[in-house]
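Use these hints to put chain E onto chain D, whose structure you have.
2 protein chains.
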Amino acid sequence: MNSEFTPYYAVIFTSVQTETTAGYAEMAEQMETLAKQQKGFIGIDSARNAVGITVSYWKNLEVIQQWKQHTDHLIAQQKGIKNWYAHYNVKICKVEREYSFVKK
Amino acid sequence: MNSEFTPYYAVIFTSVQTETTAGYAEMAEQMETLAKQQKGFIGIDSARNAVGITVSYWKNLEVIQQWKQHTDHLIAQQKGIKNWYAHYNVKICKVEREYSFVKK
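From first to last, the protein sequence lines stand for chains D and E.
Take the first sequence: its letter number 69 is residue 233 in the working numbering, and every next letter is one higher.
Take the second sequence: its letter number 83 is residue 247 in the working numbering, and every next letter is one higher.
Please keep in mind that the hints were generated in silico from the structure rather than gathered at the bench.
Be aware that one or more of the hints could be misleading.
[Stated by the list, open to error] Below, simulated SDA-like cross-link-like pairs (lysine to any residue); rule was C-alpha separation at most 20 Å, straight line: (1) E/Lys267 x D/Thr182; (2) D/Lys223 x E/Glu262; (3) E/Lys267 x D/Gly187.
[To be verified] Which residues of chain E face chain D? A partial, calculated answer using Cβ under 8 Å: (4) Ala174; (5) Val175; (6) Thr182; (7) Ala186; (8) Tyr188; (9) Glu190; (10) Asp209; (11) Val219; (12) His251; (13) Lys258; (14) Val259; (15) Tyr263; (16) Phe265; (17) Lys267.
C-beta: ideal position from N, C-alpha, C; glycine also.
Only chain D is shown next, with the shape it has when bound in the complex:
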């Protein structure tokens, strides 16, 4: 990502897991692979310690809605609610400005 794309959209997904982790890593990997194949996908950043943070970047609100409603993603969401997540929060954000540093 860089500023040539702005404005674009970020989906900030934060979550706290339950003690049930069976199947989670595999599903998370599948969903990341699938997300990358969607129209309007720009990028994704992900890290997890006590809280998990996944930020995905999208061209506009329409493609975010399409990804949310993707059949395989809906199944993953239901499994997440049933098994894996004690809590999650989703924020839909407009990326208005960005800057970077790269060590030379």
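Here is chain E on its own, set in the frame of chain D:
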């Protein structure tokens, strides 16, 4: 955070560290404590694996600018550029919508 605050702003800070980690954890903790004391601060989420993601939430763009220019924070930023970060990216985002799930 919840939707009663929207719209508000998120600063997505992603980073990759150098091999120099001395002093980093202490400074990161100091900066988080200091950020929480700033006017207009709403919340913060942080996780690090290969990439570090810190998302801080703020009431408006003005308080984000004030935090960026805070003297102690400027010193931390300079040390980060000199010692700790191989790469970082900052995105200023307007949080337009959010929703949550909490297991019962």
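How the hints compare with the structure:
no. : hint                : in the structure
1   : E/Lys267 x D/Thr182 : 9 Å, holds
2   : D/Lys223 x E/Glu262 : 18 Å, holds
3   : E/Lys267 x D/Gly187 : 19 Å, holds
4   : Ala174              : 5 Å, holds
5   : Val175              : 10 Å, violated
6   : Thr182              : 7 Å, holds
7   : Ala186              : 16 Å, violated
8   : Tyr188              : 15 Å, violated
9   : Glu190              : 17 Å, violated
10  : Asp209              : 5 Å, holds
11  : Val219              : 6 Å, holds
12  : His251              : 5 Å, holds
13  : Lys258              : 5 Å, holds
14  : Val259              : 5 Å, holds
15  : Tyr263              : 6 Å, holds
16  : Phe265              : 5 Å, holds
17  : Lys267              : 5 Å, holds
Hint compliance for this structure: hints 5, 7, 8 and 9 are broken, all remaining hints hold.
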